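Asks: Work out the full structure: start from the sequences and follow the hints.
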Amino acid sequence: MKVSDLIPKKAIVPDLKAKDKRGVVAELVKAVKGLQGASAKLSVADVTNAILERERLGSTGIGRGVAVPHAKSRQLGKVVGALGRSKSPIPFDAIDGEPVDLFFLILSPENASDEYHQALQSVMQVLKKGSILSFLRNAKGTRDIEEILRDAEEPIKV
Amino acid sequence: MESEKIVRIRNKMGMHVRPATAVADTARRFAASIQIVKDGQPVDAKSCIELLTLAAVQGTELLVRAQGTDAPSAVDAISKLIDSGFGEK
Chain B
1 MKVSDLIPKK AIVPDLKAKD KRGVVAELVK AVKGLQGASA KLSVADVTNA
51 ILERERLGST GIGRGVAVPH AKSRQLGKVV GALGRSKSPI PFDAIDGEPV
101 DLFFLILSPE NASDEYHQAL QSVMQVLKKG SILSFLRNAK GTRDIEEILR
151 DAEEPIKV
Chain E
1 MESEKIVRIR NKMGMHVRPA TAVADTARRF AASIQIVKDG QPVDAKSCIE
51 LLTLAAVQGT ELLVRAQGTD APSAVDAISK LIDSGFGEK
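Residue numbers (this note's numbering), protein chains in the order written: chain B, 1 to 158; chain E, 1 to 89.
Don't take each hint at face value.
[Unchecked claim] Keeping only pairs whose Cα atoms sit at most 25 Å apart, straight-line, the calculated PhoX-like set for lysine-lysine is:
1. Lys78(B) <-> Lys38(E)
2. Lys128(B) <-> Lys38(E)
3. Lys72(B) <-> Lys12(E)
4. Lys87(B) <-> Lys140(B)
5. Lys128(B) <-> Lys87(B)
[To be verified] So, partial list: chain E residues that the calculated Cβ filter (under 7 Å) puts toward chain B:
6. Arg18
7. Cys48
8. Ile49
9. Leu52
10. Ala55
[Stated by the list, open to error] What the simulated footprint calls covered on chain E by chain B, stretch by stretch (three residues with Cβ under 8 Å from a Cβ of chain B suffice, anywhere in the stretch; the number is not a length):
11. 6 to 17
12. 34 to 41
Hints were generated in silico from the structure; no laboratory data involved. What you are looking at is a predicted structure, and each value in this text was computed from that prediction instead of being measured. Beta carbons: idealized from backbone N, C-alpha and C, even for Gly.
Replies: This is how it looks when you write it as structure tokens:
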């Protein structure tokens, strides 16, 4: 699954308003609600709690200012994602002790483990590319971020 | 000093976010340079992001390789972690 399919324009939040973990997670879940595949019945509070519950087991702050919060929800028909960027990095108990400013939220239906792992892998492949984090951090807004993600997944034309 | 060992992913969910974090965490305790190699592709064991790109599912064979004075301990610690299924079934 392509990251550009996982995270449509509506689900890119280039300037998160929240200043703490719970706030950021809720803001991202709100961005996902209303996307194709996400039921209108989706409870932002319930999904936020599920994500924070997962964080309690072990932070998804995987280093270099990146976090990959995730949870399952019955109110989803497919795997959906959101990307949030914070101008001021937020404490997230990350593995390297650094605050996080880039959040890749991945929400999946129950029993969709494979799809979730594929989505996560796609995100990781993009993040592995040199300088991509700098580009994302310096992007002006949603359209630039979209383009960066799309370009990162383009096969190199010789 | 160089050290290496072949291991196999045993747990059902493979090396997802939590195990990858555990491996990176363990690797960072050592001064050695440490790589995890899958199908000839090495990644930095101290980088969670790189570890997650391996998509190491159950049954995957990995090579744990390290260079430096504490390379043997590093390979040992990481191999034990992977062999134990990261404490998962």
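Asks: If you test the structure against every hint from before, which numbers come out violated?
Replies: Numbers 1, 12, in rising order.
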